[in-house]
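Novice: Please arrange chain B on chain A, whose structure you already have, making use of the hints.
So the sequences go chain by chain: A and B. If you read the first sequence in the working numbering, its first letter stands for residue 3, the second for the next number, and so on. If you read the second sequence in the working numbering, its first letter stands for residue 1266, the second for the next number, and so on.
Don't read these hints as lab results, they were simulated from the structure. Glycine is no exception: its CB is placed at the ideal position from the N, C-alpha and C atoms. Some hints could be false.
Said to hold, decoys possible - Straight-line distance between alpha carbons at most 27 Å, and here's what the computed DSSO-like set of lysine-lysine pairs gives:
1) A/Lys59 x B/Lys1307
2) B/Lys1307 x B/Lys1365
3) B/Lys1307 x A/Lys11
4) A/Lys11 x A/Lys73
5) A/Lys85 x A/Lys59
6) B/Lys1365 x B/Lys1333
7) B/Lys1307 x A/Lys85
8) A/Lys85 x B/Lys1365
9) B/Lys1365 x A/Lys11
10) A/Lys59 x B/Lys1365
11) A/Lys11 x A/Lys59
12) A/Lys16 x A/Lys85
13) A/Lys73 x A/Lys59
14) A/Lys72 x A/Lys11
15) B/Lys1365 x B/Lys1266
16) A/Lys73 x B/Lys1307
17) A/Lys59 x B/Lys1266
18) A/Lys59 x A/Lys72
19) A/Lys16 x A/Lys59
20) A/Lys72 x B/Lys1365
21) B/Lys1377 x B/Lys1307
22) A/Lys11 x A/Lys85
23) B/Lys1333 x B/Lys1266
24) B/Lys1365 x A/Lys73
25) A/Lys72 x B/Lys1307
26) A/Lys16 x B/Lys1307
To be verified - Simulated coverage check for chain A against chain B, where a stretch passes if three residues somewhere in it have a Cβ under 8 Å from a Cβ of chain B:
27) 38-51
28) 95-103
29) 106-114
Said to hold, decoys possible - For each label pair, taking beta carbons as the anchor points, the in silico distance ranges come out as:
30) A/Lys59 x B/Thr1361: 13 to 23 Å
31) A/Pro10 x B/Leu1284: 29 to 39 Å
32) B/Arg1337 x A/Glu71: 37 to 47 Å
33) A/Ile53 x B/Lys1266: 20 to 30 Å
Now for the letters of each chain:
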Amino acid sequence: DGGITQSPKYLFRKEGQNVTLSCEQNLNHDAMYWYRQDPGQGLRLIYYSQIVNDFQKGDIAEGYSVSREKKESFPLTVTSAQKNPTAFYLCASRPGQPNYGYTFGSGTRLTVV
Amino acid sequence: KQEVTQIPAALSVPEGENLVLNCSFTDSAIYNLQWFRQDPGKGLTSLLLIQSSQREQTSGRLNASLDKSSGRSTLYIAASQPGDSATYLCAVRPGTGGFKTIFGAGTRLFVKA
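Next up, chain A with everything else stripped away, as it sits in the complex (with noise of 0.2 Å):
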């Protein structure tokens, strides 16, 4: 079946440290996403790209790198710099096409110990 995997499900960050979360579509999809959801708030976009080997930064990119090399794949970097890294990080993709909806992944919730 086609889909979005987010892995890990679970990850531990130390102070200081960079962390890469994986999200691999075998929806050919040409666009891709990465939301950060806090308790109570809504989703904020965080980088996107919507061709390979081109990303735009979202509303808070700051802390956060992405490549994408593949067009089934969108890891998203945590930096040391970014200083509140706590929150559930979302995947998403979808076609090119502007009439199409989202398919997200199950996400990755990520905790600074």
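Specialist: Frame of chain A, contents of chain B only:
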């Protein structure tokens, strides 16, 4: 700037009741509006996608309507069940201004058995 509001933030109803969840948006220039369901600690599951040219979409016990002129969408759930308990989010894809879909903060629904 497009803003999306969902009221109420939380709702509790007895099993079997028909209910309506509301989503308001400030700019009527949209491509589409998508309703999602999110269970605790999980990703978002797409329920219904309404294009800007459509007035409603139906799937099983769910019916979503769209009134662009008033900036409103409703999600109608018929004969609610305890399994419907979840957070419901709406997302608006603007018709102008780029690729940033705007998400509401969601309505947390609890259906009592």
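Novice: None of the hints should be skipped; say for each whether it holds.
Specialist: Structure-based check of all given hints:
1. Restraint check for A/Lys59 and B/Lys1307: the C-alpha separation of about 25 Å stays at or below 27 Å, so the hint holds.
2. With a C-alpha separation of about 22 Å, the suggested pairing of B/Lys1307 with B/Lys1365 holds against the 27 Å cut-off.
3. About 10 Å separates the Cα atoms of B/Lys1307 and A/Lys11, which keeps this hinted pair within 27 Å; it holds.
4. Taking the CA atoms of A/Lys11 and A/Lys73, the gap is near 22 Å; set against the 27 Å cutoff, the hint holds.
5. A threshold of 27 Å between alpha carbons decides the hint, and for A/Lys85 with A/Lys59 the separation of about 18 Å falls inside it, so the pair holds.
6. About 18 Å separates the Cα atoms of B/Lys1365 and B/Lys1333, which keeps this hinted pair within 27 Å; it holds.
7. Only pairs whose Cα atoms come within 27 Å are accepted, and B/Lys1307 paired with A/Lys85 is accepted, the gap being roughly 24 Å.
8. Between the alpha carbons of A/Lys85 and B/Lys1365 the distance comes to roughly 25 Å, so the proposed pair stays at or under 27 Å and holds.
9. Taking the CA atoms of B/Lys1365 and A/Lys11, the gap is about 26 Å. The hint holds against a cut of 27 Å.
10. Pair hint A/Lys59 plus B/Lys1365 holds up; C-alpha atoms about 11 Å apart against a cutoff of 27 Å.
11. As the CA atoms of A/Lys11 and A/Lys59 are separated by approximately 24 Å, the hinted pair is consistent with the 27 Å bound.
12. With a CA separation close to 12 Å, the supplied pair A/Lys16 and A/Lys85 stays within the 27 Å bound.
13. With a CA separation close to 18 Å, the supplied pair A/Lys73 and A/Lys59 stays within the 27 Å bound.
14. In summary, the hint linking A/Lys72 to A/Lys11 is supported, as the alpha carbons are separated by about 22 Å, within the 27 Å threshold.
15. Between B/Lys1365 and B/Lys1266, the direct Cα distance comes to roughly 11 Å. Compliance with the 27 Å bound is thereby established for this hinted pair.
16. Note on A/Lys73 and B/Lys1307: the hinted pairing holds, with a Cα-Cα distance of about 24 Å set against a maximum of 27 Å.
17. With a C-alpha separation of about 18 Å, the suggested pair A/Lys59 and B/Lys1266 falls inside the 27 Å cut-off, and the hint holds.
18. Restraint check for A/Lys59 and A/Lys72: satisfied, since their Cα atoms lie roughly 18 Å apart, inside the 27 Å limit.
19. Distance hint between A/Lys16 and A/Lys59 is fulfilled; the C-alpha atoms sit about 25 Å from each other, no more than 27 Å.
20. Simply put, A/Lys72 and B/Lys1365 have alpha-carbon atoms about 22 Å apart, close enough for the 27 Å limit, and the pair holds.
21. Distance check on the hinted pair: B/Lys1377 and B/Lys1307 sit about 21 Å apart at the alpha-carbon level, within 27 Å; holds.
22. For the hint pairing A/Lys11 with A/Lys85, the CA-to-CA distance comes to about 21 Å; that is within 27 Å, so the pair holds.
23. Restraint check: the Cα-Cα separation between B/Lys1333 and B/Lys1266 comes to about 16 Å, which is no more than 27 Å; the hinted pair holds.
24. This hinted pair checks out: B/Lys1365 and A/Lys73 have alpha carbons roughly 20 Å apart, not beyond 27 Å.
25. Distance restraint check for A/Lys72 and B/Lys1307: the Cα-Cα separation of roughly 26 Å lies within the 27 Å cut-off, and the hinted pair is therefore satisfied.
26. Between A/Lys16 and B/Lys1307 the alpha-carbon distance is near 24 Å, which keeps this suggested pair within the 27 Å criterion.
27. For a cut-off of 8 Å, the count of residues in the segment 38-51 of chain A with a CB near a CB of chain B stands at 6, and the three-residue condition holds.
28. Here the segment 95-103 of chain A counts 4 residues with a CB under 8 Å from a CB of chain B, which clears the bar of 3, and the coverage holds.
29. Check on the segment 106-114 of chain A: 5 of its residues sit with their Cβ under 8 Å from a Cβ of chain B, so the three-residue criterion for coverage holds.
30. One distance hint, 13 to 23 Å for the beta-carbon pair A/Lys59 and B/Thr1361, holds here, with the actual separation near 20 Å.
31. Checked against the hint of 29 to 39 Å, the pair A/Pro10 and B/Leu1284 passes, with Cβ atoms roughly 36 Å apart.
32. In this structure, B/Arg1337 and A/Glu71 meet the distance hint of 37 to 47 Å, their C-beta atoms being roughly 42 Å apart.
33. Checked against the hint of 20 to 30 Å, the C-beta distance between A/Ile53 and B/Lys1266 comes to roughly 26 Å, which is consistent with it.
Hint violations for this structure: none, all hints satisfied.
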